[in-house]
Amino acid sequence: MARLSLPPPGAVLAMSIALVSVALAQNSPNDYLEPHNAARAEVGVDPLTWDLRLARYAQSYAEKRAGDCELVHSYGPYGENLFWGWGRPYTASDAVNSWTKEEEYYDYYRNSCDAGRLCGHYTQVVWADTHKVGCGRVRCDSGAYFIVCSYDPPGNVQGEWPYLVPRKNTANDHLSITLI
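Mind the numbering: the sequence shown is residues -25 to -1, 1 to 155 in mature numbering (1 follows the signal peptide of the UniProt record, and there is no 0), read in order.
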């Protein structure tokens, strides 16, 4: 009969700590801020700053969703983007990159999403009047990951553009901000 050989207890603990450290390292405030601010820089919008109050709010809401992992908004006082992923440990950058990929479905000149497509997560990320963000992440009971980012002030105000694009005004030969 074959004998099962287990690693010494200290080795298991070291491996567990290493895995937790990697997971935490991939979900730091900078891991959320960098992809947010890269998307904002592309459209000429000031960078977001990390806000602990928003992060606590987002983490608290994520923990409330851990039992069912449903993509249900908190309907709180902040703007909000939600992400759900299953099958691997999804990270901060996975969530933010999924939201910023919606850029391809956003038509700036009509200020709307392409028919049948979502783009509101992207417009919240690049909303010029939003200055602060805080995010939370949990592994749900099902094994899926739920990530939420809260934004202050909230974006996606009906009838407003997320940011203004400088346009050359040929009549006066200078740059001006124009809404089309």
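These aren't lab readings, by the way, just hints derived from the structure by calculation.
Each hint should be verified, as a subset may be incorrect.
Cβ pair distances, simulated, as ranges [as the list claims (entries may be wrong)]:
#1 S68 <-> A41: 20 to 26 Å
#2 S117 <-> T24: 30 to 36 Å
#3 S87 <-> A13: 34 to 40 Å
#4 D116 <-> Y84: 41 to 47 Å
#5 V132 <-> G62: 18 to 24 Å
#6 G51 <-> S117: 21 to 27 Å
#7 S68 <-> G118: 18 to 24 Å
#8 G60 <-> D89: 21 to 27 Å
#9 N72 <-> T24: 31 to 37 Å
#10 R63 <-> R85: 14 to 20 Å
#11 R28 <-> L139: 24 to 30 Å
#12 D43 <-> V140: 26 to 32 Å
#13 G19 <-> P129: 26 to 32 Å
#14 G118 <-> K76: 23 to 29 Å
With a straight-line cut-off of 30 Å between C-alpha atoms, the simulated DSSO-like cross-links for lysine-lysine are [claimed, not checked]:
#15 K76 <-> K107
#16 K39 <-> K76
#17 K39 <-> K107
Built from N, CA and C at the ideal position, the CB exists for glycine as well.
Results for each hint:
1. S68 <-> A41: 20 to 26 Å: The hinted range 20 to 26 Å holds for S68 and A41, with Cβ atoms some 21 Å apart.
2. S117 <-> T24: 30 to 36 Å: Because 33 Å falls inside the window, the suggested range holds.
3. S87 <-> A13: 34 to 40 Å: 24 Å, violated
4. D116 <-> Y84: 41 to 47 Å: Since the Cβ atoms of D116 and Y84 sit about 44 Å apart, the hinted range of 41 to 47 Å holds.
5. V132 <-> G62: 18 to 24 Å: With a Cβ separation near 35 Å, V132 and G62 fall outside 18 to 24 Å, so the hint is violated.
6. G51 <-> S117: 21 to 27 Å: 24 Å, holds
7. S68 <-> G118: 18 to 24 Å: 20 Å, holds
8. G60 <-> D89: 21 to 27 Å: 24 Å, holds
9. N72 <-> T24: 31 to 37 Å: At roughly 20 Å between Cβ atoms, T24 and N72 fall outside 31 to 37 Å, so the hint is violated.
10. R63 <-> R85: 14 to 20 Å: 36 Å, violated
11. R28 <-> L139: 24 to 30 Å: 28 Å, holds
12. D43 <-> V140: 26 to 32 Å: Roughly 40 Å apart at Cβ, these two residues miss the hinted range, so it is violated.
13. G19 <-> P129: 26 to 32 Å: 21 Å, violated
14. G118 <-> K76: 23 to 29 Å: For G118 and K76 the Cβ distance comes to about 24 Å; the hint holds.
15. K76 <-> K107: 21 Å, holds
16. K39 <-> K76: Measuring from Cα to Cα gives roughly 27 Å; hence the hint holds.
17. K39 <-> K107: 22 Å, holds
The earlier numbered hints that this structure contradicts are 3, 5, 9, 10, 12, 13.
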